[in-house]
Amino acid sequence: MEGIPLLHILILSTALFFIGIYGFFTRRNLITMLISIELILNSVNINFVAFNKYLYPQQLEGIFFNIFIIAIAAAEVSLAIAIIINLYRKFNTIDIEDTNTMKH
Amino acid sequence: MDFTLLRFEWVLIGIIVVLLVGKLTDIDKKPYFIPLINLLLVVNILLGFVPMPHGEAFGNFFRTNSLIAFEKNILNIALLLISVMGNEWLKKTTVQAEHYILLLTSMLGIFLMLSSTHILPFYLGLEMSTIPLAALANFEMSSQKSSEAGIKLILSSAFSTAIMLFGISLLYGVSGSLYFNDLANAMQSQPLHLAAFIFFISGVFFKMSVVPFHLWTADVYEGAPTAVTNYLASISKAAIVFVLFNVLFKIFGHLQEGWTLIVSLLAILSMTIGNLFALRQENIKRLLAFSSISQVGYILVAYIGFSPHSLGAVFYFIIVYLLSNITAFGVVSIVESTTGRVTLDAYKGLYHRFPTYALFMAIALFSLAGIPPTAGFFGKLFLLTAGIQPMYYWVLVVAAINLILSLYNYLRIVRIMFIENGENRIESISTNRLILVTMATCVLLILAFSFFPQVYQWGIAWYGFVR
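Residue numbers (this note's numbering), protein chains in the order written: chain A, 70 to 173; chain B, 1403 to 1869.
Think of the hints as simulated: they come from the structure by calculation, not from any bench.
Errors might be hidden in some of the hints.
Stated by the list, open to error - When the alpha-carbon atoms are kept at most 27 angstroms apart in a straight line, the in silico BS3-like pairs for lysine-lysine are as follows: (1) Lys1493/B - Lys1432/B; (2) Lys159/A - Lys1494/B; (3) Lys1493/B - Lys1547/B; (4) Lys1750/B - Lys1547/B; (5) Lys1425/B - Lys1493/B; (6) Lys1547/B - Lys1494/B; (7) Lys159/A - Lys1493/B; (8) Lys1431/B - Lys1494/B; (9) Lys159/A - Lys1547/B.
To be verified - With beta-carbon atoms standing in for the labels, derived distance ranges: (10) Leu1422/B - Ala151/A: 13 to 21 angstroms; (11) Pro1437/B - Asn155/A: 26 to 34 angstroms; (12) Asp167/A - Gly1742/B: 23 to 31 angstroms.
As the list claims (entries may be wrong) - A few chain A positions that, by computed beta-carbon distances, are all more than 10 angstroms from chain B: (13) Gly72; (14) Ile73; (15) Leu76; (16) His77; (17) Ala84; (18) Ile88; (19) Arg97; (20) Thr162; (21) Glu166.
Every residue, glycine too, gets a C-beta built ideally from N, C-alpha and C.
Could you build the full structure based on these sequences and the hints that come with them?
Here's what the structure looks like:
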């Protein structure tokens, strides 16, 4: 295969994965936290497509898995946004620090 | 292809369709709605016991055998018990049909996950079982805590699934196939395989609330309506425990050397931290949440054994755990729906006012703590004996110490109910006959289950289906 080697794509996806995790742990806005989760899911998608194309080009399993991940992520995000809207009506903010009322 | 293989799923889909069509005619405003749904769930259980063919479907994506049918039957019975215990709370909500549609969809996802032999249906089932639960946790639209629990559940479950998917993508990279059998054959003790294992298992442990991944548990259990908490703590946990056999024993069976240490460390952490945090809780739902974290620790001990006895022990314990947990949360639900209080001081002198409920609660707690006349003792005994493995005796020592520690947590509630007699005690409580009868059945089963060690032997006999 000419062009970009597999390793470079894996470095990209791993970097994206950890950027997503960093964002999830440091961001305080609920929407940005959702975006961080999307980053992680996209790194997974890149991994699947890359492995499928470079290592197992005779199959379609990885690409089909991608379609399911994208569909389920959409369902998950739509529910999360619905809950965030509901949360906003009560707290008037979507900052995770201000909406955290339960402490141990 | 034989569509009767999916009979458990067809029945659930049938009930969901009945509810969806019934919703058009406002079925949940009718007085007969709650008896109707309980009847449908009874039919669901009875149909589950009709003998059915075993085999594989959808190009080997889906399989069923006696082990899986038994697991689904256990969960079906638990669903009926939880539904009845939540009836009193449900009467106060306006959208009852939706509650059951979401609950049954989550159940459908669990069934798909239990039957899967490929990662794709496994992942679909896992998501299908957790996404409706977030909507259910947010079910009390007017309560702040409820929507906080909903957002915490959906964010932590989305995050954990994302991490698990990263592990799955690495698994695909090393094996080129996502069938459990092919994955099991491709596993070797190499760094990439171990990394894939760690990412994958963290996702599973997140759902199971094993300790480093337990931070969502107490908040979600506290904020969600008690009927939903009951489902989260019982059925959803039991399903993941069953699935963990597929994950640890089947997919990662060749990595057993590697995961034994990880699982034993996490088991110790779960038991200890669950028990220690439970010491200072004043809210009974949070206390039971931390107790369920420590119970997961004891369950993990059985997996260390890596033998047919692990399956038998976990089966036996899960049934006892389901019965005791459902009873305990049932009493919490009754007290909450009549008084609106979930703090421990609401239980002061419960025995003097309402001796039946106090006795039910006490027996359930004794069973959770593992005190002999109840089946919980044998459950714990089986778990710890199944976990015996050379070089790992220290896990059992820590587990035994933790069992003593946990006695304080459970007996504290019993002391408050039986000995203390505070001023602001409960004046009235609902006396729903059906709930009382269900609780009495659960309690009798907890006491009688000590005489049914057959379940343990069934588990050993069905071990071949797991490996």
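Do the hints match the structure? See the list:
1. Lys1493/B - Lys1432/B: holds, 11 angstroms
2. Lys159/A - Lys1494/B: holds, 21 angstroms
3. Lys1493/B - Lys1547/B: holds, 20 angstroms
4. Lys1750/B - Lys1547/B: Status holds; Cα separation ~25 angstroms.
5. Lys1425/B - Lys1493/B: Status holds; Cα separation ~16 angstroms.
6. Lys1547/B - Lys1494/B: With a Cα-Cα distance of about 18 angstroms, the restraint between Lys1547/B and Lys1494/B holds, given a limit of 27 angstroms.
7. Lys159/A - Lys1493/B: With a Cα-Cα distance of about 24 angstroms, the restraint between Lys159/A and Lys1493/B holds, given a limit of 27 angstroms.
8. Lys1431/B - Lys1494/B: Holds, because 11 angstroms separates the two Cα atoms, which is no more than 27 angstroms.
9. Lys159/A - Lys1547/B: holds, 10 angstroms
10. Leu1422/B - Ala151/A: 13 to 21 angstroms: Taking Cβ atoms as reference, Leu1422/B and Ala151/A lie about 19 angstroms apart, which means the hint holds.
11. Pro1437/B - Asn155/A: 26 to 34 angstroms: holds, 31 angstroms
12. Asp167/A - Gly1742/B: 23 to 31 angstroms: Given a distance of about 25 angstroms, which is inside 23 to 31 angstroms, the answer is holds.
13. Gly72: holds, 19 angstroms
14. Ile73: holds, 16 angstroms
15. Leu76: Holds, because the least Cβ-Cβ distance between Leu76/A and chain B comes to about 12 angstroms, which exceeds 10 angstroms.
16. His77: Answer for His77/A: holds, closest chain B Cβ roughly 15 angstroms.
17. Ala84: Nearest chain B Cβ is 13 angstroms from Ala84/A, so the label holds.
18. Ile88: holds, 13 angstroms
19. Arg97: holds, 12 angstroms
20. Thr162: At about 12 angstroms from chain B, Thr162/A clears the 10 angstroms cut-off, so the statement holds.
21. Glu166: Holds, because the least Cβ-Cβ distance between Glu166/A and chain B comes to about 12 angstroms, which exceeds 10 angstroms.
The structure meets every hint from the earlier list without exception.
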